[in-house]
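Chemist: One line per chain: the protein sequences are A and G, in this order.
For the first sequence, the numbering used here assigns the number -7 to the initial residue and increments by one for each residue that follows.
For the second sequence, the numbering used here assigns the number 6 to the initial residue and increments by one for each residue that follows.
One or more of the hints may lead you astray.
Some chain G residues near chain A, calculated using beta-carbon distances under 10 Å [stated by the list, open to error]:
no.	residue
1	Ala93
2	Thr102
3	Phe107
4	Leu187
5	Val190
6	Val192
7	Phe218
8	Thr271
The calculated BS3-like cross-link candidates involving lysine-lysine, where the alpha carbons are at most 25 Å apart (straight line), are [said to hold, decoys possible]:
no.	chain 1	residue 1	chain 2	residue 2
9	A	Lys213	G	Lys94
10	A	Lys19	A	Lys194
11	A	Lys199	A	Lys15
12	G	Lys146	A	Lys213
13	A	Lys209	A	Lys194
14	A	Lys128	G	Lys146
15	G	Lys60	A	Lys209
16	G	Lys167	G	Lys60
17	A	Lys209	G	Lys146
18	A	Lys213	A	Lys15
19	A	Lys128	A	Lys15
20	A	Lys199	A	Lys213
21	A	Lys128	A	Lys19
Pair ranges (Cβ atoms, derived) [claimed, not checked]:
no.	chain 1	residue 1	chain 2	residue 2	range
22	G	Val83	A	Val32	55 to 61 Å
23	G	Leu188	A	Glu7	56 to 62 Å
24	G	Asn123	A	Thr162	48 to 54 Å
For the record, the hints were derived by calculation from the structure and aren't laboratory data.
Beta carbons: idealized from backbone N, C-alpha and C, even for Gly.
Each chain, written out:
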Amino acid sequence: MAVTLQDTSASAVIEARRAHNEKLALKADQTRATWFPVAVLAVLAALPLLQFYGNYNYVLHLVLFTASYVAMASGWNILGGFAGYVSLGHAVFFGVGGYFSGMILARYGISTLITAPLAGLVAAALGYLVGMVTLKVRGPSFIISSIALLMIARILFDNWHFIGGANGLTLPPNDLSVQWSKVPYYYAMVAIAAFTVWATYKIKHSKFGLGLRAISKDEIKAESAGIDTRFYKVVAFALSAFFVGMAGAVWGEYLTYLRPNIFLLILISANMVLMCILGGKGTIAGPVIGAILIVALNELFVATMGASEINILGTGLVMALGLMFFPLGLVGTLARNGKLPRILNWD
Amino acid sequence: MAEILQILILGLALGGVIALMGSGLSLVFGVMRIVNLAHPSLIIGGAYITYLAFKALGVDPIVMLPVAAVIMAAIGVVLYRLVFQREAKSAKYSEMTVLLTFALAMMVEGLLGGLFTNTQRVTSPDYATAAFFIGDVFIPKGQFYAGVVSLTIIAALSLFLKYSRLGYAIRATTQNREAAELLGVNVQFISILAFAIGIGLAGAAGSLVSFVFSFFPAKHWEWIAMLMSVVVLGGMGSILGTVVGALFLSVVAAFVGTWIGATWSTLTFFLALFIILLVRPQGLFGEKPELA
Chain A
-7 MAVTLQDTSA SAVIEARRAH NEKLALKADQ TRATWFPVAV LAVLAALPLL
43 QFYGNYNYVL HLVLFTASYV AMASGWNILG GFAGYVSLGH AVFFGVGGYF
93 SGMILARYGI STLITAPLAG LVAAALGYLV GMVTLKVRGP SFIISSIALL
143 MIARILFDNW HFIGGANGLT LPPNDLSVQW SKVPYYYAMV AIAAFTVWAT
193 YKIKHSKFGL GLRAISKDEI KAESAGIDTR FYKVVAFALS AFFVGMAGAV
243 WGEYLTYLRP NIFLLILISA NMVLMCILGG KGTIAGPVIG AILIVALNEL
293 FVATMGASEI NILGTGLVMA LGLMFFPLGL VGTLARNGKL PRILNWD
Chain G
6 MAEILQILIL GLALGGVIAL MGSGLSLVFG VMRIVNLAHP SLIIGGAYIT
56 YLAFKALGVD PIVMLPVAAV IMAAIGVVLY RLVFQREAKS AKYSEMTVLL
106 TFALAMMVEG LLGGLFTNTQ RVTSPDYATA AFFIGDVFIP KGQFYAGVVS
156 LTIIAALSLF LKYSRLGYAI RATTQNREAA ELLGVNVQFI SILAFAIGIG
206 LAGAAGSLVS FVFSFFPAKH WEWIAMLMSV VVLGGMGSIL GTVVGALFLS
256 VVAAFVGTWI GATWSTLTFF LALFIILLVR PQGLFGEKPE LA
């Protein structure tokens, strides 16, 4: 509807703006290649059929591993990418999710595939509490406090005998044959990853997501524009912990053991950060691209050189070069130059 | 009573070493606003230099200290030129440098791990295992020497900052970068100098650490939170604050370790960091941090 100069009543202006926004959204929808993610999911869903023709466990493992990192990096992106609060302690939520569901499996025999959302909620609750405390500080202080959180969690888990201490806990494997034993976790992890990516898209385009992006640009201005920044940040922290916790739950049963030195590693936190930076912080497709790149690089390093030290060195080197030369990440840089292929424009 | 005195002395000796480990971190933050997460990994680099000299040539770690400091300072200049100089104009400078130094820490860890494997190492000069006794109180020589050397170096550093012209320039740059530049301070040079001194202090601390703690490449993750808590408690950028924070927290940790359990003594530092960040983020001697 058209607004004339005389017709300045507030509701008319709002109505006109809404119509304009819908038109823009419609235009974006028309250029969006929605078929691409759907096609990828269809291929991934059909992939286990390969098992009828031979043993492709390694392929399934790689996809599962990538999917777990897609979920974690996308989850991290909610806090680190949208709100701009870089956390190096998100491995804590991976561990908490894994241990919560793993303990239930060990005690009551309920599969983590069922309890994973619950594990996510527990991680989110912890994230909420921690966020209430640490999100009072920002910038470098927040990053440091997140490292301290990881260190505290590591010491607590190493010394908590109820959950096996530093030796950890062995979980019962499932009864399926070797050929099919990975498949349930495969589907669960791909589903979690897809759900996480979809959820980050929804969050980014909600009023909440807009608030988070305002916070990352300028927190004081965001506050004075009427955004409850404290609440927004803490909820963002909880949401991002939720997805990381779910991934941790399934990952624990898949590995069949829980140990602090597998879950509570700073390298896991670093990987989440690295994937988002490489792919593009704050974009939807960025963490996905970053996860695929890093897992591929990891496999290459381990396959060709076989040493975990080289892996750490390589991770650090890629991170430093990415930060120095492509701070916007792959998706961000391409988008800025207007060269982003349509199939990767998920924002 | 003797027990309390004993714990106090052990805590103070360790605190001296930790103060030296943290002072470089504090200086670099003060002048350049870089939270150098790679600092502890560079300390371990200094420790390996000392270790090599000790094993191959039998050089005493304390004699090796100036050499390790100079080598690390040179590495610091290269790092600053290569990495941090170009970031100076970045919009998210402080966050960017934290992530960059984090990446650097991983690179140093991976490099040292590839060269020396992840075995625990320690240099063993005669005094590392010896001790003197004053009455009932037992003072391990290694920790005592290390503490004394540390505090001497810090005292020298403070005098340098307080009375030399370069020291004035460094302090001026810490207080207000733009104003210092207006008054004719070559801020670029001062930044490189301060960074080199900071990393050189890491090398010096590495030499002392080599016989006080056992070390391996991945150990720096334990130290970063410990050093951060010391530096944050004292107030980022304040050397005096770092010393006070280090002495105080290591004495507390020593009491916790003796009376509650050794596992919990490390936890003291991490919890302290958490509490300080919440209650008084600017620390004891720091100024209120800018909001950005």
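Chemist: Now tell me if each hint is right for this structure.
Modeler: Against the structure, the hints:
1. Ala93: With Cβ-Cβ at 12 Å, over 10 Å, it is violated.
2. Thr102: Interface hint status for Thr102(G): holds (8 Å vs cutoff 10 Å).
3. Phe107: holds (7 Å)
4. Leu187: violated (26 Å)
5. Val190: With a minimum Cβ separation of about 24 Å from chain A (threshold 10 Å), the hint on Val190(G) is violated.
6. Val192: For Val192(G), the interface hint is violated, since the closest Cβ of chain A sits about 21 Å away, which is over 10 Å.
7. Phe218: Because about 17 Å separates Phe218(G) from the closest Cβ in chain A, which is outside the 10 Å limit, the hint is violated.
8. Thr271: holds (6 Å)
9. Lys213(A) with Lys94(G): holds (23 Å)
10. Lys19(A) with Lys194(A): holds (18 Å)
11. Lys199(A) with Lys15(A): Since the Cα atoms of Lys199(A) and Lys15(A) sit roughly 18 Å apart, the hinted pair holds (cutoff 25 Å).
12. Lys146(G) with Lys213(A): Measuring from Cα to Cα gives roughly 57 Å; hence the hint is violated.
13. Lys209(A) with Lys194(A): With Cα atoms ~20 Å apart, Lys209(A) and Lys194(A) stay inside 25 Å; holds.
14. Lys128(A) with Lys146(G): violated (44 Å)
15. Lys60(G) with Lys209(A): Between Lys60(G) and Lys209(A) the Cα gap is close to 53 Å, so the pair fails against 25 Å, i.e. violated.
16. Lys167(G) with Lys60(G): violated (38 Å)
17. Lys209(A) with Lys146(G): The given pair, whose Cα atoms are some 54 Å apart, is violated under the 25 Å limit.
18. Lys213(A) with Lys15(A): Since the Cα atoms of Lys213(A) and Lys15(A) sit roughly 28 Å apart, the hinted pair is violated (cutoff 25 Å).
19. Lys128(A) with Lys15(A): The hint is violated at about 39 Å.
20. Lys199(A) with Lys213(A): Holds - the C-alpha atoms of Lys213(A) and Lys199(A) are around 16 Å apart, at most 25 Å.
21. Lys128(A) with Lys19(A): violated (40 Å)
22. Val83(G) with Val32(A): 55 to 61 Å: violated (44 Å)
23. Leu188(G) with Glu7(A): 56 to 62 Å: holds (58 Å)
24. Asn123(G) with Thr162(A): 48 to 54 Å: Given about 25 Å between the Cβ atoms, the range is violated.
In terms of the numbered hints stated before, the structure departs from hints 1, 4, 5, 6, 7, 12, 14, 15, 16, 17, 18, 19, 21, 22 and 24, listed from lowest to highest.
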